[in-house]
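Participant: Single-letter residue listing:
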Amino acid sequence: MIRDQEFLKDIASYCIENSKKLGATDVGVKVIHSVSENVSFRNKKLDESNRADSFAVNLTTYIEKKKSSINSSDLSKSNLEKLIERCIDATKITPSDENNSLPDKELMSKEIRDLNLYDETHYPNDKKIEFLKKVEETASTDEKIVNTEAGFTENKNNFILANSNGFLGGYKTSNFSSSCVAVSRINGAMERDYEFGSTRFLQDMMKPEKIGKIAADKAIKKLGPKKIKSEKIGVIFDKRISKGILSTLASAINASAIARGTSFLKDQINSEVFPNSINIIDDPKIEKGLGSQNFDSEGVETNSLKLVENGILKNYLIDTYYGKKLNLKSNGRSGGTTNLYFENGTLSFKDLLNSEKKFLYITETIGHGGNIITGDYSVGASGFMVEDGELTYPVSEITIAGNFKEMFKNITLANDLEMKYSTNAPTLLINKMTVAGK
Amino acid sequence: MSNFFKETDIDTSQAEAIVTETLKNCDDGELYLENHKSESIVLDDNKIKSSTYNSDQGYGFRAVTGEVVAYSHSNDISKESLKKSSDNLKDTLKSKKGTYNHEIPKTNNKYYENINPIESKTFDSKIDLLNSVNNYLRSKGSIVNQVTANFLGEHKSIEIIRSDNQVLKDDRPLVRFNVSVVLEKDGKKETGVYGIGGRQSYDDYLKDGSWKDVCDEAFRIANVNLESKPAPAGEMKVVLGPGWPAILIHEAIGHGLEGDFNRKKTSAFHNLMGQQVASEGVTIVDDGTLHQRRGSLTIDDEGTPTENTVLIENGILKNYMQDRLNARLMGTKSTGSGRRESYKHVVLPRMRNTMMLSGKYSQDEMISSVDKGIFAVSFGGGQVDITSGKFVFNCTEAYEINNGKIGSPIKGATLIGDGPSILKEVSLVGNDMKLDPGIGTCGKAGQGVPVGVAQPSILINKMTVGGTKL
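Chains as they are written, first to last, in the working numbering: chain X, 9 to 446; chain H, 343 to 812.
Derived by calculation from the structure, the hints in this document are not laboratory data. Among the clues, some could well be false.
Keeping only pairs whose Cα atoms sit at most 25 Å apart, straight-line, the calculated DSS-like set for lysine-lysine is [stated by the list, open to error]:
hint	chain 1	residue 1	chain 2	residue 2
1	X	K53	H	K432
2	H	K766	X	K237
3	H	K432	X	K135
4	H	K811	X	K417
5	X	K240	H	K571
6	X	K90	H	K391
7	X	K142	H	K436
8	H	K606	X	K52
Please put together the full structure from these sequences, using the hints given.
Facilitator: Given below as structure tokens:
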């Protein structure tokens with residue numbers, strides 16, 4: 009079972025006291041316990057069962073403006089004692105950096121709100137197995153499906169974050185996730201697709217039949233893809249990948265990239281980066297949210313931020329270190345974004361597909377072809393051709409390319425936002441991009 | 343060598359007894375113990391940005407019967423914890439019955455020394471060197487906008503306890519030294535990255551000022567990219583340089599030849615054994631036995647000694663890479679390819695050092711034979727969909743080829759191809775095989791493991807280049 013707050017607090021206090029005794033002027037520490045149970049099925053048979061029980065201590069010690077860190081999974085005091093000593097020794101000989109410090113006291117989180125992030129329900133492995141049988145039963149109804157895999161994971165987590173300025177806070181979180189991968193085959197050629205659900209509460213999990221059906225339908229639809237001619241064309245991003253645009257934005261407006269001068273959005277604060285219809289929000293206080301948190305990884309209070317308002321870039325994502333470098337206050341984004349999303353657009357999904365005669369609709373990208381410094385983007389892709397508002401045939405072995413600065417300015421959003429991940433976007437159109445094929 | 347049971351309430355023979363009892367009705371399995379120390383020191387933006395030391399220890403207890411794998415892992419090496427894991431494994435496999443395969447080959451070969459690279463170079467001297475890197479690169483002029491350099495060193499001790507008290511041990515050093523530089527000229531910024539590493543001490547790689555070569559190479563790549571023009575879009579001929587571009591082989595072919603995907607028939611290669619899958623003259627091996635290489639292992643993470651596995655010989659598919667589970671289910675033997683990221687992860691068949699061997703052509707012959715195409719010298723990362731066979735990789739240094747001559751550098755573009763057919767498009771294999779500098783990490787099912795690649799220059803008749811210029 010998951011260890012309680014008292015147990016974790018005891019370790020955290022031990023680390024802070026001992027570090028101070030050995031000469032640390034400031035200390036920050038996080039102690040984590042997590043228990044995870046996973047069961048996976050393949051072709052309607054049990055394939056793997058996995059139980060994980062993990063502890064972690066992350067300790068950072070400061071001597072004035074010098075800083076060093078250690079991480080360990082062994083919480084025994086004899087081990088911690090040795091590691092703290094090692095950490096202090098390293099701190100002493102690490103060069104000073106005037107921006108090293110704990111967060112300002114007045115920015116620290118004062119109260120912990122219950123955001124409904126913990127469901128204590130235990131879903132025993134027998135139940136997981138029943139669930140997975142239903143997933144695979146539905147996924148394998150069509151004879152074109154030649155292979156199915158399904159998994160269910162239950163995760164319980166508890167942590168304490170503390171520092172030598174008196175901050176101490178933590179809480180339990182839980183996560184249930186289930187997935188199905190289906191492989192379809194026709195004339196010897198295969199395609200693979202999947203469906204995935206992740207929730208804080210067991211009761212909110214998608215029905216197993218739905219997970220199986222979506223995975224199978226998607227895998228079958230992809231069969232018999234064609235490679236298309238190279239051309240410039242409007243590209244529609246399915247919701248599974250449209251959120252990637254927000255992840256790119258998050259990297260580009262991270263204070264570290266801004267301070268280091270390595271972002272294509274450097275000096276763009278208060279400038280128009282998107283069309284003026286676009287708003288982008290990062291809200292940490294959504295009940296049951298997959299990215300929800302009371303405070304960031306330094307203990308700084310996090311509140312909802314409008315990153316982009318009417319197309320204008322309004323905020324960076326700031327932690328203590330880079331905040332000091334930029335002469336800005338931390339806005340509680342050490343560790344990145346929380347629940348990040350585009351506000352809905354105005355067009356329905358159908359109207360978006362009908363807004364021109366021909367589009368390329370992308371359901372999957374592969375490769376890591378985004379460059380945050382230059383904004384250049386080029387990735388492998390697969391999806392469908394859209395003609396007169398209908399998905400006409402599957403497409404693969406092509407690439408899509410452009411530059412984020414241009415792409416951002418040419419976005420049109422549909423109104424079908426769903427909160428399925430921690431970063432969420434509606435279906436979106438980028439007009440236009442270069443597609444390389446034949 | 344770690345003594346995993348020191349300072350615990352259990353000794354080796356008690357642990358062995360639990361293992362033997364737990365696995366008595368299983369086909370296979372083991373208790374895998376691991377002690378992992380690592381250190382990372384990063385210089386960035388003129389400062390030592392972070393210095394971190396990690397100490398991780400734990401066990402992964404695995405029981406396998408038929409196709410089913412039961413796994414339980416924990417940081418807590420104690421009698422209670424091991425018994426709980428044992429109960430968990432027995433419960434999962436309660437309705438199955440297997441026969442334990444005691445056979446495991448032994449080796450006296452060793453492909454690296456048991457050194458701890460973290461301790462064999464002082465913290466001070468690492469900091470000094472990082473500062474020297476920063477000063478050296480910044481002295482190249484105001485064009486240098488940003489410098490990042492880091493040391494990443496680790497030492498991993500593993501112990502595998504199999505049923506009936508067979509114990510196998512290995513100690514694995516690993517280092518990586520990396521430099522990244524951002525140059526700015528006329529408002530344009532570009533990056534160059536280079537690194538070196540392997541299973542030796544830092545000083546084996548950095549002696550005689552060879553760290554300057556790493557800096558120079560990162561600087562050279564960034565400088566080339568400052569002059570880059572938009573890349574072309576569409577199908578064309580591609581010449582790949584020797585060495586690191588072999589991640590094409592890793593993505594396009596390697597993953598598809600891992601045993602699990604072929605047993606499950608989800609690989610595009612599963613029904614091609616013994617068939618022509620590449621042009622004649624193409625031979626590809628996966629070798630775990632190269633001395634001190636990043637992807638080398640004395641024994642794999644199931645205790646099997648590694649070997650040099652021939653995957654494709656003169657164009658014919660010869661072998662898949664196997665761990666014990668997939669080998670048993672496919673009626674063959676393990677190739678010593680069973681690997682895991684750590685005690686927290688199950689074993690999977692993985693690559694080690696994947697290499698295409700030299701042919702007879704010179705790189706000049708290849709380039710002069712191309713009317714219109716690109717010459718790719720270095721790549722970032724790659725990815726593959728093993729089911730459809732489609733794979734990509736990103737160029738970080740590439741040039742146009744026009745009328746048999748190398749032209750302007752082009753911007754980073756993704757190249758996309760089809761795994762099972764790409765090797766049939768290889769028309770010339772170079773005589774200049776080179777190993778990569780020791781920087782690769784392969785990801786599969788959320789597990790990262792160090793790997794190596796090698797290849798000579800090759801000419802590919804047709805690939806899609808994902809640029810912006812039509």
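Participant: With reference to the structure, classify each hint as holding or not holding.
Facilitator: Consistency of the hints with the structure:
no.: 1; hint: X/K53 <-> H/K432; verdict: holds (17 Å)
no.: 2; hint: H/K766 <-> X/K237; verdict: holds (22 Å)
no.: 3; hint: H/K432 <-> X/K135; verdict: holds (18 Å)
no.: 4; hint: H/K811 <-> X/K417; verdict: holds (20 Å)
no.: 5; hint: X/K240 <-> H/K571; verdict: holds (18 Å)
no.: 6; hint: X/K90 <-> H/K391; verdict: holds (24 Å)
no.: 7; hint: X/K142 <-> H/K436; verdict: holds (22 Å)
no.: 8; hint: H/K606 <-> X/K52; verdict: holds (13 Å)
Of the numbered hints listed earlier, not one is contradicted by the structure.
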